[in-house]
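K.L.:
Next come the chains, spelled out residue by residue.
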Amino acid sequence: MNMPSTLHSTERSPVATTPEAVIEVRGVHKVYAGNITALQNIDLDFNRGEMTSLLGPSGCGKTTLLKIIAGLLKPTKGDVAVNGRPVAGPGPERAFVFQDFALMPWASVLRNAAFGLELQGVGKSEREDRARHYVNEVGLSGFEDKYPHELSGGMRQRVGLARALAVDADVLLMDEPFSAVDEQTRRKFQEDLIRLREIEKKTFILVTHSIEEAVYLSDRIVLLSPRPGRLNKIVTPEIDRSGDPDLIRRNPEYLDLIDDIWSGLRAYVE
Amino acid sequence: MDLYGFKIPRVAALLFWAALWEIVGQFELLLLFPPLSEVLFALPDVVTTSSFAEAARITVAAYLGGLALAVVLGIGLGMLMGLVKAADNLLNMWVNIFLSAPLSALVPVIMILFGMGMPTVVVTVFMFAVWIIALDTRAGVLHVSPSLIEMSRSFGASRWERFRIILLSAMPEILAGVRLGVIRGVKGVVIGQLLVSIIGVGALFSLYSQNFLMAHFWALILILFAFALTLADVIARLETRIEYYAGARA
Amino acid sequence: MANTQTDPGVIPGPTSRAFDMLGGTPLIWRMASLALFFAIWEIAGRTNFNWAFPTFLETMAALWEMLANGSMFSAYGRTLEPLVIGLVISLGIGVSAGVLMGLRRDVEWITLPVFITMQAAPMAALIPLITFVYGIGLTSKVLAVCMLAMPVIAINSYKAVRNVPPSLVDMSQSFMGSRRQQVFKIILPAASPMMFAGIRLGVAEGFSGVVLAELLITPTGIGDLITFNRSVAKFAHMYAAIFSIVAFAVIAVSLLHRVETSLFRPEKRGA
Numbered sequence: 039m040n041m042p043s044t045l046h047s048t049e050r051s052p053v054a055t056t057p058e059a060v061i062e063v064r065g066v067h068k069v070y071a072g073n074i075t076a077l078q079n080i081d082l083d084f085n086r087g088e089m090t091s092l093l094g095p096s097g098c099g100k101t102t103l104l105k106i107i108a109g110l111l112k113p114t115k116g117d118v119a120v121n122g123r124p125v126a127g128p129g130p131e132r133a134f135v136f137q138d139f140a141l142m143p144w145a146s147v148l149r150n151a152a153f154g155l156e157l158q159g160v161g162k163s164e165r166e167d168r169a170r171h172y173v174n175e176v177g178l179s180g181f182e183d184k185y186p187h188e189l190s191g192g193m194r195q196r197v198g199l200a201r202a203l204a205v206d207a208d209v210l211l212m213d214e215p216f217s218a219v220d221e222q223t224r225r226k227f228q229e230d231l232i233r234l235r236e237i238e239k240k241t242f243i244l245v246t247h248s249i250e251e252a253v254y255l256s257d258r259i260v261l262l263s264p265r266p267g268r269l270n271k272i273v274t275p276e277i278d279r280s281g282d283p284d285l286i287r288r289n290p291e292y293l294d295l296i297d298d299i300w301s302g303l304r305a306y307v308e
Numbered sequence: 163m164d165l166y167g168f169k170i171p172r173v174a175a176l177l178f179w180a181a182l183w184e185i186v187g188q189f190e191l192l193l194l195f196p197p198l199s200e201v202l203f204a205l206p207d208v209v210t211t212s213s214f215a216e217a218a219r220i221t222v223a224a225y226l227g228g229l230a231l232a233v234v235l236g237i238g239l240g241m242l243m244g245l246v247k248a249a250d251n252l253l254n255m256w257v258n259i260f261l262s263a264p265l266s267a268l269v270p271v272i273m274i275l276f277g278m279g280m281p282t283v284v285v286t287v288f289m290f291a292v293w294i295i296a297l298d299t300r301a302g303v304l305h306v307s308p309s310l311i312e313m314s315r316s317f318g319a320s321r322w323e324r325f326r327i328i329l330l331s332a333m334p335e336i337l338a339g340v341r342l343g344v345i346r347g348v349k350g351v352v353i354g355q356l357l358v359s360i361i362g363v364g365a366l367f368s369l370y371s372q373n374f375l376m377a378h379f380w381a382l383i384l385i386l387f388a389f390a391l392t393l394a395d396v397i398a399r400l401e402t403r404i405e406y407y408a409g410a411r412a
Numbered sequence: 188m189a190n191t192q193t194d195p196g197v198i199p200g201p202t203s204r205a206f207d208m209l210g211g212t213p214l215i216w217r218m219a220s221l222a223l224f225f226a227i228w229e230i231a232g233r234t235n236f237n238w239a240f241p242t243f244l245e246t247m248a249a250l251w252e253m254l255a256n257g258s259m260f261s262a263y264g265r266t267l268e269p270l271v272i273g274l275v276i277s278l279g280i281g282v283s284a285g286v287l288m289g290l291r292r293d294v295e296w297i298t299l300p301v302f303i304t305m306q307a308a309p310m311a312a313l314i315p316l317i318t319f320v321y322g323i324g325l326t327s328k329v330l331a332v333c334m335l336a337m338p339v340i341a342i343n344s345y346k347a348v349r350n351v352p353p354s355l356v357d358m359s360q361s362f363m364g365s366r367r368q369q370v371f372k373i374i375l376p377a378a379s380p381m382m383f384a385g386i387r388l389g390v391a392e393g394f395s396g397v398v399l400a401e402l403l404i405t406p407t408g409i410g411d412l413i414t415f416n417r418s419v420a421k422f423a424h425m426y427a428a429i430f431s432i433v434a435f436a437v438i439a440v441s442l443l444h445r446v447e448t449s450l451f452r453p454e455k456r457g458a
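Residue numbers (the working numbering), protein chains in the order written: chain A, 39 to 308; chain B, 163 to 412; chain C, 188 to 458.
Simulated from the structure, these hints should not be mistaken for lab results.
These numbers come from a predicted model, not from an experiment.
Heads up, a few of these hints could be off.
[Claimed, not checked] So these bits of chain A aren't anywhere near chain C, every CB distance computed over 10 Å: (1) Arg-132; (2) Val-205; (3) Ile-232; (4) Lys-239.
[Said to hold, decoys possible] Listed next, with one range per pair, are the computed distances between beta-carbon atoms: (5) B:Phe-203 / C:Ile-272: 35 to 43 Å; (6) B:Ala-249 / C:Lys-421: 34 to 42 Å; (7) B:Val-173 / A:Ala-71: 16 to 24 Å; (8) B:Val-396 / C:Ser-441: 50 to 58 Å; (9) C:Ile-272 / B:Leu-176: 54 to 62 Å; (10) A:Ser-179 / C:Ser-441: 39 to 47 Å; (11) B:Phe-317 / A:Gly-281: 49 to 57 Å; (12) A:Asp-183 / B:Leu-194: 36 to 44 Å; (13) C:Ser-441 / B:Arg-321: 21 to 29 Å; (14) A:Arg-123 / B:Leu-177: 44 to 52 Å; (15) A:Ala-305 / B:Ala-249: 52 to 60 Å; (16) B:Leu-304 / A:Gly-161: 48 to 56 Å; (17) B:Leu-182 / C:Ile-272: 39 to 47 Å; (18) C:Ser-283 / B:Ala-388: 25 to 33 Å.
C-beta atoms are modelled at their ideal positions from N, C-alpha and C, and glycine is treated no differently.
Only chain A is shown next, with the shape it has when bound in the complex (with noise of 0.2 Å):
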């Protein structure tokens, strides 16, 4: 997948099975009630340790796509493997991060980031020292015995990370994560998801409607076209993410390939 252009948008090449691919979707189709459907003869792979990115207009299926392979919902036709084991619901190996935060609002954000653990009966000293670490490393550490109420929309988001990463998953599932987080906020938070990208080493989805949120992070952008939602392209940005994460913003790459999904997307805007 990792094809040596820059900023040119790659068709997707037929599905070739490599080793790394951590999930594979296979000809998956979703019909909602009433005949309205959702998704459209879906495959895809992601790969180990790469952060893929969802993004289309609304309507377009992403979040119950991110919801299929999360094993939230259940695919009409076709299925999903999550390390070559075909999917029946919610596993271990994956970890949801939610659009409303979805937090406890009775609970500490210790309780919360240690929920995941706790669910799987991890003892409470063990699951608290795991995920005071997470905590930590997200960068809430004074605020352990806070409710989420206290907590910015960003700050509460940053412990739904916390309680994902606990639980040493494969995979990251993120829907929208930052949709419900102000704009300045937002970008900070996008800056330390690549630095944490770098401790980590997990594979990461993220559906998001932001084009420059999806650059500014992916290493490859799933574009989604709505009614029905099906396969639009996807691009590879080959953006050297290394130095300042401030940088990237300027770096002309970054912006030529905003444009470039855009001029695609506009058509289903008008």
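We have chain A; now place chains B and C onto it with these hints.
P.N.:
Below, chains B and C alone, put in the same frame as chain A:
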């Protein structure tokens, strides 16, 4: 779709309970329940008596009178509280108190003040219905979007026009309050007559229990319940019709 | 948002919000409101517009008299018995029925119509019938309390369970929570604020039920104070009894409201 899927089984569930009632009654499992069929046979018996006609007349008249008073005064009170801060500060507590107080305790007072007749029932209906209408109207007025009021002001609306805009945009809440008032009012009309006990439905209840007419008693209760549920249903339908307001406002 | 960081670990609310219980009206306004109401009562009483209408001060004197000679306390002893028993039963059955209806479609299908009917219909009409069948004892009064209190508790518990944010349920599912964990760790805690509000409404209804029972079935407790004093034309005493039960109910419900806000207020802002 959802409504359709829900409506049909709801009726079926009621049929299930009706069947259960019949069985319980036939085998005399609970003294409280005579067989449903017996109750249904008692229905025409109850309905055709002249005392029933009188009871129905008193019930409907007292109910409508009390409710009309409650709607007019409740909306007025709510508007006053919503618009005038001082009135709100003075009255809010009392509206809340009367909302959660056991109003049936006040009926003996109402009986002394208004006599053992229909006026007492009217006032009871009023007391049961008015507070929730006032409170919801107040909430509706307070929820009117400030930009709407600024808009009407900037376009030079007169005082009266502004008042009309507020009243109309508070409509969803007002109607919700009226719906609850309608349901509470039915409880009021029944409780009022039970406590006065010498007129209307209350007199019928005493008659039936003195003569051990269980089936008649239940028949009358079924009629009252049907009256209450039909009213609630009609109002709910009306409300969904006007709901587009709330949708357009959000 | 940032200024809350200074008091680590403390849930803000209980003390600072203590006076917030009736719609946030400042204390001074509420005093003024009380004073105004009592003044109108006093003046109305003095105009003698109705031969049976005592002044506020006469009523308070009668109230004091009944408190001092203990008749009020013994009356409340009698009244609270069916109320408390009825409320405990309503709570147990109402909450479990509501939660079951919220969790299970089949239970909802069969049970919900009954509770909806009970909530919308004038259940008080059943009180004479219950007296007719179960006599004038404690059973009838407890049943009267249950009939009025249980539907609102059950319906609110049901709605509370149904209103749990779906994303929280998804969350527990995505982290491999079992159904049991989902119910006990997510659904019940998330539903508890609304359930508690329903219980508060149920308590208010229960007061209505017990007063009705004592007025309709046979005068005992506070109902006896009202009925007896009316029959001997001691109207100040009758008004005092009514005043006390209304005040008692309102204070009890407000205290519950206060407990509710101090327990759940921080979370309401959380979601």
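K.L.:
Among the hints numbered above, which are violated by the structure, and what are their numbers in rising order?
P.N.:
Checked against the structure, the hints that fail are numbers 1, 2, 8, 9, 12, 13 and 17, while the rest are satisfied.
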